[in-house]
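The chain contents come next:
There are 2 protein chains.
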Amino acid sequence: MGDLEVRPAAADDLPAIVAMLADDPLGAQRESPDDLTPYLTALERLNNDPHQHVVVAVREGRVVGTLQLTIVPGLARKGATRAIIEAVRVHADERGSGLGTHFLEWALDRARSEGCQLVQLTSDATRTDAHRFYERLGFEASHVGFKLRL
Amino acid sequence: MGDLEVRPAAADDLPAIVAMLADDPLGAQRESPDDLTPYLTALERLNNDPHQHVVVAVREGRVVGTLQLTIVPGLARKGATRAIIEAVRVHADERGSGLGTHFLEWALDRARSEGCQLVQLTSDATRTDAHRFYERLGFEASHVGFKLRL
Chain A
602 MGDLEVRPAA
612 ADDLPAIVAM
622 LADDPLGAQR
632 ESPDDLTPYL
642 TALERLNNDP
652 HQHVVVAVRE
662 GRVVGTLQLT
672 IVPGLARKGA
682 TRAIIEAVRV
692 HADERGSGLG
702 THFLEWALDR
712 ARSEGCQLVQ
722 LTSDATRTDA
732 HRFYERLGFE
742 ASHVGFKLRL
Chain B
602 MGDLEVRPAA
612 ADDLPAIVAM
622 LADDPLGAQR
632 ESPDDLTPYL
642 TALERLNNDP
652 HQHVVVAVRE
662 GRVVGTLQLT
672 IVPGLARKGA
682 TRAIIEAVRV
692 HADERGSGLG
702 THFLEWALDR
712 ARSEGCQLVQ
722 LTSDATRTDA
732 HRFYERLGFE
742 ASHVGFKLRL
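In order, the protein sequences belong to chains A and B. Going by our numbering, the letters in the first sequence line up with residues 602 to 751, in that order. Going by our numbering, the letters in the second sequence line up with residues 602 to 751, in that order.
These aren't lab readings, by the way, just hints derived from the structure by calculation. Among the hints, a few may not be true.
The list cannot tell twin chains apart, which means a pair is met if one copy fits it or any two copies do.
[Stated by the list, open to error] Derived SDA-like pairs: lysine to any residue, alpha-carbon spacing no greater than 20 Å straight-line: (1) K748 <-> R631; (2) K748 <-> N649; (3) K748 <-> T729; (4) K679 <-> P626; (5) K679 <-> Q630; (6) K748 <-> Q630; (7) K679 <-> R713; (8) K679 <-> A611; (9) K748 <-> E706; (10) K748 <-> G628; (11) K679 <-> D636; (12) K748 <-> A688; (13) K748 <-> E687; (14) K679 <-> Q718; (15) K679 <-> G716; (16) K679 <-> E715; (17) K679 <-> S714.
All chains, full assembly: derive it from the sequences and hints.
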């Protein structure tokens with residue numbers, strides 16, 4: 602894992618990012634890799650928000666992972682700040698290589714350095730491999746995640 | 602429900618808000634109603650962030666509910682913006698009155714008006730009454746919520 606670099610996502614990374622978002626049974630129905638316009642608009646908005654960190658993991662010059670870390674201050678737990686991780690993807694070629702673990706550990710370190718006391722994420726109930734992965738990292742499956750499409 | 606008002610939380614609301622956060626078996630261990638200092642610091646930070654909406658529900662001049670709505674842009678789902686709801690509390694005296702439903706519907710409307718396509722929240726696995734409440738509102742328990750304390 603020596604040369605794994607994690608850096609903010611740039612417009613040039615979007616083809617690789619969107620390809621990863623689309624590369625699974627859930628994502629394939631939701632994404633539009635042939636039209637990057639909506640992603641570019643969203644990335645500009647994200648990169649202008651100091652509480653948002655959309656990053657890529659790069660190995661040997663190739664984008665092999667992406668995730669979004671959002672810093673969320675709050676009142677509960679004596680005014681604790683939490684980090685929410687969304688849209689974690691690791692390229693299919695790199696799964697099982699330990700890259701996911703290093704990448705998530707980077708995110709936990711970043712959350713710590715931003716003063717977060719808690720990190721949280723939700724994972725689709727069908728992604729049982731992902732659940733084991735998060736539990737190995739120390740996450741507890743303590744909550745039920747509810748979603749509503751508007 | 603005629604006179605239910607929802608408005609941004611102010612420093613003067615903190616005693617009522619923190620009392621509600623502390624008024625359940627989980628919250629009682631986590632909060633410090635006798636020392637509001639950390640909450641005041643957090644509220645100032647929250648109220649300076651345009652993506653954060655900490656609100657109170659007020660009936661007949663009394664704070665009877667609180668929640669936090671966070672607007673989170675993202676790349677996934679063609680650059681969809683989502684709203685995350687945290688720290689929902691309704692005063693014990695008001696439960697079963699329909700106030701929770703009206704309050705959450707306010708939050709869904711607000712999320713819509715901020716351009717969100719998705720609303721999500723997590724609820725502790727032990728809060729089964731809350732789960733039924735969210736399902737009645739149209740939420741789907743599609744995800745597992747993971748948390749890690751740093």
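How the hints compare with the structure:
In this assembly of identical chains, K748 and R631 lie within 20 Å of each other by CA distance solely inside one copy; the values are 15 Å within and 26 Å between copies. In this assembly of identical chains, the alpha carbons of K748 and N649 never lie at most 20 Å apart, being 26 Å within a copy and 27 Å across copies at closest. For the identical chains of this complex, K748 and T729 are neighbours both inside a copy (18 Å) and across copies (16 Å), given an alpha-carbon limit of 20 Å. In the homo-oligomer, the alpha carbons of K679 and P626 lie at most 20 Å apart only across protomers (16 Å), although the nearest pairing inside one protomer, at 40 Å, exceeds that limit.
Proximity of K679 to Q630 under the C-alpha cut-off of 20 Å is restricted to the inter-copy arrangement: shortest distance 11 Å between copies versus 40 Å within a copy. With identical chains, the CA atoms of K748 and Q630 are at most 20 Å apart within one copy only, with a shortest distance of 17 Å there and 28 Å across copies. Taking the shortest Cα distances, K679 and R713 sit within 20 Å of each other inside one copy (17 Å), while across copies they are farther apart (30 Å). For the identical chains of this complex, K679 and A611 are inter-copy neighbours only, at 16 Å across copies versus 36 Å inside a copy, given an alpha-carbon limit of 20 Å.
Taking the shortest alpha-carbon separations for K748 and E706, only the inter-copy value of 14 Å comes in at or below 20 Å, while the best intra-copy value is 26 Å. With identical chains, the CA atoms of K748 and G628 are at most 20 Å apart within one copy only, with a shortest distance of 16 Å there and 23 Å across copies. In the homo-oligomer, the alpha carbons of K679 and D636 lie at most 20 Å apart only across protomers (9 Å), although the nearest pairing inside one protomer, at 44 Å, exceeds that limit. When the C-alpha separation of K748 and A688 is checked against a cutoff of 20 Å, the pair qualifies both within a copy, at 15 Å, and between copies, at 16 Å.
In the homo-oligomer, the alpha carbons of K748 and E687 lie at most 20 Å apart both inside one protomer (14 Å) and across protomers (13 Å), since each shortest distance falls under that limit. In this assembly of identical chains, K679 and Q718 lie within 20 Å of each other by CA distance solely inside one copy; the values are 11 Å within and 31 Å between copies. Within a single copy, K679 and G716 get their C-alpha atoms as close as 13 Å, which meets the 20 Å cut-off; across copies the closest is 30 Å, which misses it. For the homomeric pair K679 and E715, the shortest alpha-carbon distance inside one copy (17 Å) is at most 20 Å, but the shortest distance between copies (28 Å) is not.
When the C-alpha separation of K679 and S714 is checked against a cutoff of 20 Å, the pair qualifies only within one copy, where the shortest distance is 19 Å, while the shortest distance between copies is 30 Å.
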